Amino acid sequence: MTSLQIMTTPTTSLCQYFGTCGGCMTQHLSYELQLQNKKKALEHALSTFANNVEVQVFADKEYFYRNRMDFIFHAKGLGFREKYKSFFTVDIEKCVIANEKLNTLLKEIRTFFAEKHPSEGFNAKEIDAYDPKKRSGTFRYAVIRTPQNDESISFVLNSNSPRISAAVELIKEFSQTTTAKNIIVTYVPGNTDHSTSEEYFVVKGTDVLKEIILEKTFQYNVQGFFQNNFTMAEKMHKYVNDLLKTYDAAKAKQAYLLDLYAGVGTFGIINAELFKSVTIIEAFAGCVKAAEENIKINNIKNASAQVLDAKHLRRLFLENKKPLFVITDPPRTGMDMKTIEQLKELKPEVMIYISCNVEQLAKDILKFKTRYDVKSAALFDLFPQTNHSEAVVEFVLKK
313 MTSLQIMTTP TTSLCQYFGT CGGCMTQHLS YELQLQNKKK ALEHALSTFA NNVEVQVFAD
373 KEYFYRNRMD FIFHAKGLGF REKYKSFFTV DIEKCVIANE KLNTLLKEIR TFFAEKHPSE
433 GFNAKEIDAY DPKKRSGTFR YAVIRTPQND ESISFVLNSN SPRISAAVEL IKEFSQTTTA
493 KNIIVTYVPG NTDHSTSEEY FVVKGTDVLK EIILEKTFQY NVQGFFQNNF TMAEKMHKYV
553 NDLLKTYDAA KAKQAYLLDL YAGVGTFGII NAELFKSVTI IEAFAGCVKA AEENIKINNI
613 KNASAQVLDA KHLRRLFLEN KKPLFVITDP PRTGMDMKTI EQLKELKPEV MIYISCNVEQ
673 LAKDILKFKT RYDVKSAALF DLFPQTNHSE AVVEFVLKK
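Going by our numbering, the first residue of the sequence shown is number 313, and it counts up by one from there.
Take the hints with a grain of salt, since some may be wrong.
Derived DSSO-like pairs: lysine-lysine, alpha-carbon spacing no greater than 27 Å straight-line [unchecked claim]: (1) K656 with K557; (2) K563 with K550; (3) K413 with K445; (4) K650 with K608.
Have a look at the derived ranges for each label pair, beta carbon to beta carbon [unchecked claim]: (5) S398 with P474: 20 to 28 Å; (6) P474 with E405: 41 to 49 Å; (7) T645 with Q348: 25 to 33 Å.
FYI, nobody ran anything at the bench for these hints, they're computed from the structure. All of these numbers come straight from a predicted model, not from anything done at the bench. Each residue gets a CB set at the ideal place from its N, CA and C atoms; glycine is no exception.
Construct all of the structure, not just a fragment, from the sequences and the given hints.
As structure tokens, then:
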């Protein structure tokens with residue numbers, strides 16, 4: 313495999329914080345060049361498996377696309393970590409990759425907290441922004457989520473702080489002024505750096521958000537994962553659905569689908585109409601609970617969801633379910649070797665591998681090389697102005 317050459321022709325950044333903020337990495341490159349580099353990276357990853365795989369590229373907005381941001385409270389306001397300096401925060405008034413509704417909610421938070429103590433601002437004792445060096449303080453994050461028809465703000469507090477009661481009262485006051493439908497208080501220990509937790513309560517609204525993808529309704533918990541770029545996520549789901557429709561077994565509804573690392577069941581539910589039965593597998597109980605609810609909401613009769621680590625596929629007894637199709641969407645760390653070995657034992661006719669880490673993808677797919685061919689590959693840019701993207705690779709069992 314030859315080394316990868318990345319092109320770096322400079323352009324002007326839209327963001328005033330670029331270069332200081334540790335978020336975006338590639339705003340100095342034109343978007344066309346960013347896409348070329350991402351395509352080359354995926355082609356490079358696939359070259360470990362097969363030469364000359366044609367990669368389709370799908371993209372949309374290069375700015376104002378994200379529907380989730382985790383803003384850090386600090387002495388001057390809210391922001392993101394400084395580049396290469398994790399203990400320092402860049403104050404952010406507007407983020408150019410966040411959607412407009414999200415930026416509106418950010419402004420509401422900044423205005424409310426700044427006006428509570430005009431002379432002290434975010435330095436006020438009542439606000440007490442968390443200090444990561446001292447591991448003390450109360451307010452840690454404001455997690456803002458703005459899906460198509462919903463929004464939430466989760467205020468993440470240091471559970472070890474003695475000022476929690478005052479902080480909660482302040483949040484309750486804010487909840488009466490904001491346009492956000494849902495306000496949550498989340499607790500995390502002072503010695504960890506998380507922005508989600510199972511320990512939380514609802515101040516206003518509900519802890520469930522809703523998104524509609526390809527006319528299917530999906531609910532998910534405010535503490536859970538969901539794709540942060542709606543437009544591109546829907547394009548990716550449409551692409552996978554169209555791929556599956558090209559197979560006679562799917563068109564005849566004679567095959568079985570296994571949806572691995574399924575989250576709240578989006579892939580399994582969207583494609584259920586093509587299969588005799590769908591098995592949705594996810595290791596996190598909260599996601600499985602949401603998947604079960606989503607199955608009911610969408611009136612899906614041939615799908616089931618269960619809590620199971622993907623390393624234990626043998627417990628599903630899928631050997632007699634033929635032909636078997638698999639959609640696997642693992643985390644950045646990829647699939648465990650035990651999962652890969654058990655998938656190889658099952659010999660699915662078709663496997664759709666969705667990856668947010670092309671380097672890990674290159675390592676994982678090598679383990680299928682003796683039994684599978686790459687039929688197609690596509691890149692979906694869910695993360696413009698960064699080095700990240702989503703890849704969809706279609707594998708077919710060798711005859």
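Among all the numbered hints in the text so far, which are the ones the structure does not match? 3, 4, 6
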